[in-house]
Amino acid sequence: GITYDRLEQEGGIQWPCPTSDHPGTRYLYESDFPRGPKAKFVAFDQGPAADEVPTERFPLILNTGRILYHWHGGTITRRASNLMARSPELELAINAEDAQKYGIDDGDWVRVRSRRGDMEARALFSDKQAPGELFVPFAKLQEHAANYLTNPALDPTSRIPEYKVCAVRVDKLVNGEVVSDGRRRRVRV
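Per the working numbering, residue 35 is the first one in the sequence shown, and the count goes up by one each step.
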């Protein structure tokens, strides 16, 4: 029931609007909240993050999140050719200091490995990343999904997965081979 003409004439319509004569669905708490005119906020004590800290084997912290061109896992946005044209590959944001330490150049393909799995991505130098920290979107690109690498810990109260933080290692890939410490070894691609 939402059309461009209706949007222009009415100045906006609240979704869902199933038919052309439907006024749009009022949004929750338009005039007040169930307990009065204001929302009731409750303090919440945040517990510690899951106990997964960097080690010699997994020396970096991986943080996952959203990017502009893909929503959540990318199940819809990956079908939009204009969005895929802007963000066709999985990119791993890495601080230039870390990249140099691991022999990675901007644009190199890398393998990111955690205790739970691995994925491939293109390295993208970013001064937004602190040394020791990496960022990758959790949108599924090139059939890799970052959340498979992340910690399975759940918040004890809400049971929401932590997903955000896990210890990883990163290695440069050359022709499908991991290159680290000047040595190459064949890995599954």
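No wet-lab data here; the hints were simulated from the structure. It should be emphasised that the depicted structure is a prediction, and the values quoted were computed from it without experimental measurement. Every residue gets a Cβ at the ideal spot worked out from N, C-alpha and C, and that includes glycine. Heads up, some of the hints might be wrong.
[Unchecked claim] Here are the simulated DSSO-like pairs of lysine-lysine, each with C-alpha atoms no more than 30 Å apart in a straight line: (1) Lys198 - Lys162; (2) Lys135 - Lys74; (3) Lys206 - Lys135; (4) Lys162 - Lys135; (5) Lys74 - Lys206; (6) Lys162 - Lys206.
[Unchecked claim] Label-pair ranges, simulated between beta-carbon atoms: (7) Pro88 - Gly137: 16 to 26 Å; (8) Glu90 - Arg193: 41 to 51 Å; (9) Thr53 - Asp85: 26 to 36 Å.
Hint check results:
A C-alpha spacing of about 17 Å is found between Lys198 and Lys162, which places the hinted pair at or below 30 Å, so the restraint holds. At roughly 49 Å between alpha-carbon atoms, Lys135 and Lys74 are farther apart than 30 Å, so this suggested pair is violated. Taking the CA atoms of Lys206 and Lys135, the gap is near 11 Å; set against the 30 Å cutoff, the hint holds. Note on Lys162 and Lys135: the hinted pairing holds, with a Cα-Cα distance of about 17 Å set against a maximum of 30 Å.
Of the pairs offered as hints, the one joining Lys74 and Lys206 is violated, with about 50 Å between alpha carbons and a cut-off of 30 Å exceeded. Taking the CA atoms of Lys162 and Lys206, the gap is near 21 Å; set against the 30 Å cutoff, the hint holds. Evaluation of the 16 to 26 Å hint for Pro88 and Gly137 yields a pass: the beta carbon distance comes to about 19 Å. Separated by about 32 Å at the C-beta atoms, Glu90 and Arg193 break the suggested range of 41 to 51 Å.
Checked against the hint of 26 to 36 Å, the pair Thr53 and Asp85 fails, with Cβ atoms roughly 53 Å apart.
Hints 2, 5, 8, 9 from the earlier list are contradicted by this structure; the remaining hints agree with it.
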